[in-house]
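Undergrad: Protein sequence lines, in the order shown, are assigned to chains A and B. Counting from 0, one number per residue, gives the positions in the first sequence under numbering that gives the first Met the number 0. Counting from 0, one number per residue, gives the positions in the second sequence under numbering that gives the first Met the number 0.
Just so you know, these hints were derived from the structure itself, not from any lab. Be aware that one or more of the hints could be misleading.
Since copy identity is lost for identical chains, a pair holds within one copy or between any two.
Unchecked claim - Straight-line distance between alpha carbons at most 30 Å, and here's what the computed DSS-like set of lysine-lysine pairs gives: (1) Lys212 x Lys191; (2) Lys3 x Lys57; (3) Lys225 x Lys58; (4) Lys71 x Lys5; (5) Lys3 x Lys190; (6) Lys191 x Lys57; (7) Lys62 x Lys225; (8) Lys217 x Lys71; (9) Lys223 x Lys191; (10) Lys84 x Lys145; (11) Lys191 x Lys84.
Here are the chains, one letter per residue:
There are 2 protein chains.
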Amino acid sequence: MLVKSKIKDIQTLGQKKFREQEGLFIAEGPKVVSELLESGSGNVKEVFALKDWIGENKKLLGKTTVTEISEKELERISGLTTPNKVLAIVQQFDRRTPGATKGKITLVLDAVQDPGNLGTIIRIADWFGVEQIVCSADTADVYNSKVVQATMGSIARVKVFYMDIPVWLAEQHDIQKYAAVLDGTDITTIKKISEGIIIFGNESRGISAEVLKCADIKLTIPKKGKAESLNVAVAVGIILSHL
Amino acid sequence: MLVKSKIKDIQTLGQKKFREQEGLFIAEGPKVVSELLESGSGNVKEVFALKDWIGENKKLLGKTTVTEISEKELERISGLTTPNKVLAIVQQFDRRTPGATKGKITLVLDAVQDPGNLGTIIRIADWFGVEQIVCSADTADVYNSKVVQATMGSIARVKVFYMDIPVWLAEQHDIQKYAAVLDGTDITTIKKISEGIIIFGNESRGISAEVLKCADIKLTIPKKGKAESLNVAVAVGIILSHL
Numbered sequence: 000m001l002v003k004s005k006i007k008d009i010q011t012l013g014q015k016k017f018r019e020q021e022g023l024f025i026a027e028g029p030k031v032v033s034e035l036l037e038s039g040s041g042n043v044k045e046v047f048a049l050k051d052w053i054g055e056n057k058k059l060l061g062k063t064t065v066t067e068i069s070e071k072e073l074e075r076i077s078g079l080t081t082p083n084k085v086l087a088i089v090q091q092f093d094r095r096t097p098g099a100t101k102g103k104i105t106l107v108l109d110a111v112q113d114p115g116n117l118g119t120i121i122r123i124a125d126w127f128g129v130e131q132i133v134c135s136a137d138t139a140d141v142y143n144s145k146v147v148q149a150t151m152g153s154i155a156r157v158k159v160f161y162m163d164i165p166v167w168l169a170e171q172h173d174i175q176k177y178a179a180v181l182d183g184t185d186i187t188t189i190k191k192i193s194e195g196i197i198i199f200g201n202e203s204r205g206i207s208a209e210v211l212k213c214a215d216i217k218l219t220i221p222k223k224g225k226a227e228s229l230n231v232a233v234a235v236g237i238i239l240s241h242l
Numbered sequence: 000m001l002v003k004s005k006i007k008d009i010q011t012l013g014q015k016k017f018r019e020q021e022g023l024f025i026a027e028g029p030k031v032v033s034e035l036l037e038s039g040s041g042n043v044k045e046v047f048a049l050k051d052w053i054g055e056n057k058k059l060l061g062k063t064t065v066t067e068i069s070e071k072e073l074e075r076i077s078g079l080t081t082p083n084k085v086l087a088i089v090q091q092f093d094r095r096t097p098g099a100t101k102g103k104i105t106l107v108l109d110a111v112q113d114p115g116n117l118g119t120i121i122r123i124a125d126w127f128g129v130e131q132i133v134c135s136a137d138t139a140d141v142y143n144s145k146v147v148q149a150t151m152g153s154i155a156r157v158k159v160f161y162m163d164i165p166v167w168l169a170e171q172h173d174i175q176k177y178a179a180v181l182d183g184t185d186i187t188t189i190k191k192i193s194e195g196i197i198i199f200g201n202e203s204r205g206i207s208a209e210v211l212k213c214a215d216i217k218l219t220i221p222k223k224g225k226a227e228s229l230n231v232a233v234a235v236g237i238i239l240s241h242l
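The task is simple: from the sequences and hints, build the whole structure.
TA: So, in structure tokens, the structure goes:
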């Protein structure tokens, strides 16, 4: 049974202001919730699920607080068009300061504003073993439900930070900084790398001039046809796959 | 001024049934509409736009029928959250039979159901100079407004067909058929190609068994991290960029 006050708590977490205030976010669907439980971080605070799902996931749930709810109750609290068995209240990750960049690939996102793009980029980073993403303050909020959904569970593994990008880049010494642009060096001519910072920009404006100044090497995906640009998540996938 | 009957005509084109019946579709926003006008195909039947946009695009419009509308009228007919200056009624392209596959790269989509993914794939195809995409009947409708929007104008250049995939593949002789799967040959070990058919599958189920049987070579994007899969549009981008 779902009490009224809990429904309200869940609904308010749809807003960034309340997510920040409470340090919580909402994750939905079997895929995302089980990846968060499996990560063993202990971040999942409370689970609301249908009877069937609870039965199938007893072991995974361990001592997590669970409330069995009806399909109708799930519809009331879900933000999805098609509610999917389970919803969890999750504690935000402690991600105040990015780790070292040496010896690793780190992504930088300068004002990537579409939640679906950010979520897809987190999923791509996880595929290629990239462990951290540093975002400008005007990039989409990683705890936005559309972002959480689009990560398909990778949010449990890839660390996402919000920083002042030019300031942060200036502190990263002895490491190559690459920028994805439309008029740089053909990526297919560049040697494979195992460390470096790769910067991607806004969906329509690209990388801001202030951030671009910090880059050592400009990269471009060679074009054979006529499209003006590529979707930013697709560009991240292609560049990570080449480097 | 917009007459009532025209508003109704435009609204009914939101449904696939009426789009097919009339052989028309709706395109919105300066980017998509100008690419369609520039393509010179003569498919743009009627344009509804704000005064400013009409003034700036007199030359591009040529003899196209144009109706000047107010922002309020545009809001009434637009399917976008943020209506954007111009909307056009466009004739569907005559695309009953795909062209030859020899000497070219052709994409095959087996049940790609998300309109955003289909639109993004069309945009990627256009970037890499791929001229035609053959889709199964249960792939998203190319004239769905979300698809048109996500192509960013590339819908004017890339030809999209709907066929019975196993039947069509059986007719394609003397050409390699590649399938993107999770357990195939590492794409980075494969030689570059300039002709071939590349098959991509549904967002969650992948390529159906019946279609997979028709493939000569299975391809996989190498994984270093833990994500279970990649977004299909991202996979198209990575594979086209490698091959």
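Undergrad: Return the numbers of the hints above that this structure violates; sort them in rising order.
TA: 5, 6, 8, 11
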